[in-house]
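Enquirer: Here's the letter readout for the chains.
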Amino acid sequence: MGIENSLGDGFLTTKVDSLTNWARSNAAWPMPMGLACCAIEMMAFAAPKYDAARFGSEVMRFSPRQSDLMIVAGWVNYKMAHAVRRIWDQMPDPKWCIAMGACASTGGMHRCYGVVQGCDNFLPVDAYVSGCPPRPDALLHALMKIQDKIRTEHSTKLDT
Amino acid sequence: MELSETLQSVVDDLSENYSEHLIDVYQSTGDTFIRLQPDSIVEVCKYIKNEHHFIYLADILGADRFTSEERFEVIYNIVSLRDRERLFLKVWLEEEEPTVDSITDVWQSASWHERQVYDMFGVRFNNHPDMRRIYMPEDFDYYPLRKEFPLLGIPGSIELPSSTPDTE
Numbered sequence: 001m002g003i004e005n006s007l008g009d010g011f012l013t014t015k016v017d018s019l020t021n022w023a024r025s026n027a028a029w030p031m032p033m034g035l036a037c038c039a040i041e042m043m044a045f046a047a048p049k050y051d052a053a054r055f056g057s058e059v060m061r062f063s064p065r066q067s068d069l070m071i072v073a074g075w076v077n078y079k080m081a082h083a084v085r086r087i088w089d090q091m092p093d094p095k096w097c098i099a100m101g102a103c104a105s106t107g108g109m110h111r112c113y114g115v116v117q118g119c120d121n122f123l124p125v126d127a128y129v130s131g132c133p134p135r136p137d138a139l140l141h142a143l144m145k146i147q148d149k150i151r152t153e154h155s156t157k158l159d160t
Numbered sequence: 001m002e003l004s005e006t007l008q009s010v011v012d013d014l015s016e017n018y019s020e021h022l023i024d025v026y027q028s029t030g031d032t033f034i035r036l037q038p039d040s041i042v043e044v045c046k047y048i049k050n051e052h053h054f055i056y057l058a059d060i061l062g063a064d065r066f067t068s069e070e071r072f073e074v075i076y077n078i079v080s081l082r083d084r085e086r087l088f089l090k091v092w093l094e095e096e097e098p099t100v101d102s103i104t105d106v107w108q109s110a111s112w113h114e115r116q117v118y119d120m121f122g123v124r125f126n127n128h129p130d131m132r133r134i135y136m137p138e139d140f141d142y143y144p145l146r147k148e149f150p151l152l153g154i155p156g157s158i159e160l161p162s163s164t165p166d167t168e
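Sequence lines, in order, name chains U and Z.
42 is the number that this note's numbering gives to position 42 of the first sequence; each next residue is one higher, with no gaps.
53 is the number that this note's numbering gives to position 53 of the second sequence; each next residue is one higher, with no gaps.
Here chain U stands alone, though its shape is the one from the complex:
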């Protein structure tokens, strides 16, 4: 506790990691990948009643370049998978992914030839949400889990 004494009022000390993670976890801007009925619940998640703004995630960015968190809401078929992956590749690092609902997580009731049986076949998924469709609070829960994950990350590295 030596350094604070010499800094005077208006300064505090922290780790760069903590500061970055604090900022990142409270501003995870979603990329809404709304593909089916889950997208309706995703809208409710952002709307005033459930209010994702409390967690800093109210700004749905329809440009992948400006978003940090992809919410795959709905079933992904093989043709669409290429578009989803392309959007994911366009998102700047660091980025996270939520597979929302049974279909995005496992294929769900679409157990057939045209639908990818879980979007983790081509995306690195961080959080899965069960439900068909999940309630908005379940999606908020997933968002909070992602925030927890971000807060424990070592994001700053020395460039050697």
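Do not take every clue at face value.
What the hints assert, rightly or not - Derived CB-CB ranges, DEER-like: (1) U:Lys149 / Z:Glu70: 56 to 64 Å; (2) U:Arg111 / Z:Glu2: 38 to 46 Å; (3) U:Arg86 / Z:Glu2: 57 to 65 Å; (4) Z:Ala58 / U:Ser155: 56 to 64 Å; (5) U:Thr156 / Z:Leu151: 42 to 50 Å; (6) Z:Arg65 / U:Gly114: 18 to 26 Å; (7) Z:Thr29 / U:Val59: 50 to 58 Å.
As the list claims (entries may be wrong) - Pulled from the structure, derived: some chain Z residues nowhere near chain U, Cβ distances all over 10 Å: (8) Met1; (9) Asn17; (10) Asp24; (11) Gly30; (12) Ser68; (13) His128.
Keep in mind the hints are simulated off the structure, nothing from the lab.
The beta carbon of each residue, even a glycine, is placed where N, CA and C say it ideally should be.
Got chain U sorted already, so can you dock chain Z onto it with the hints?
Expert: Here is chain Z on its own, set in the frame of chain U:
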């Protein structure tokens, strides 16, 4: 068989003019079905549309009957809006290269329906303006609604995106 006045006149006219093409007429669950020789379908459709005012083609369906002979079936669902009648025409096709003439010249809306039947069952339509698949990728080798096709598809038959991004 209890046919309505309109349908009775259709059946009478067909058996008079196209008796050699008419195979079967029957009713089931309240609908009337007419089975025809495959090579006469365009001619008969034209006739029914022009003479009996069945101007609306509601749908074209395929079916895999999974029989050793005449395995595939194409079903035409046509409606007369004037007489409020619905009629089903059917043709049976062989398993090897099932082919039937396209009716896009009679009803243009047949185009996408026929493409769907082609996509799902592999039934080809002669003289179709744009005989491509409608749902599945163009390079897909199978016909998903045929009975022998597995429920979950053939692993690896449709490519998933690469999980390493292009770094050009």
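Enquirer: Against each hint, give a clear statement of whether it holds in the structure.
Expert: Outcome of the hint check:
1. U:Lys149 / Z:Glu70: 56 to 64 Å: Because 60 Å falls inside the window, the suggested range holds.
2. U:Arg111 / Z:Glu2: 38 to 46 Å: holds, 42 Å
3. U:Arg86 / Z:Glu2: 57 to 65 Å: holds, 58 Å
4. Z:Ala58 / U:Ser155: 56 to 64 Å: holds, 59 Å
5. U:Thr156 / Z:Leu151: 42 to 50 Å: holds, 49 Å
6. Z:Arg65 / U:Gly114: 18 to 26 Å: Holds, since Arg65 of chain Z and Gly114 of chain U (Cβ atoms, about 23 Å apart) stay within the stated range.
7. Z:Thr29 / U:Val59: 50 to 58 Å: holds, 54 Å
8. Met1: holds, 38 Å
9. Asn17: holds, 43 Å
10. Asp24: holds, 33 Å
11. Gly30: Non-interface label on Gly30 of chain Z holds, nearest chain U Cβ at 30 Å vs cutoff 10 Å.
12. Ser68: holds, 25 Å
13. His128: About 22 Å separates His128 of chain Z from the closest Cβ of chain U, which puts it past 10 Å; holds.
Hint compliance for this structure: every hint is met.
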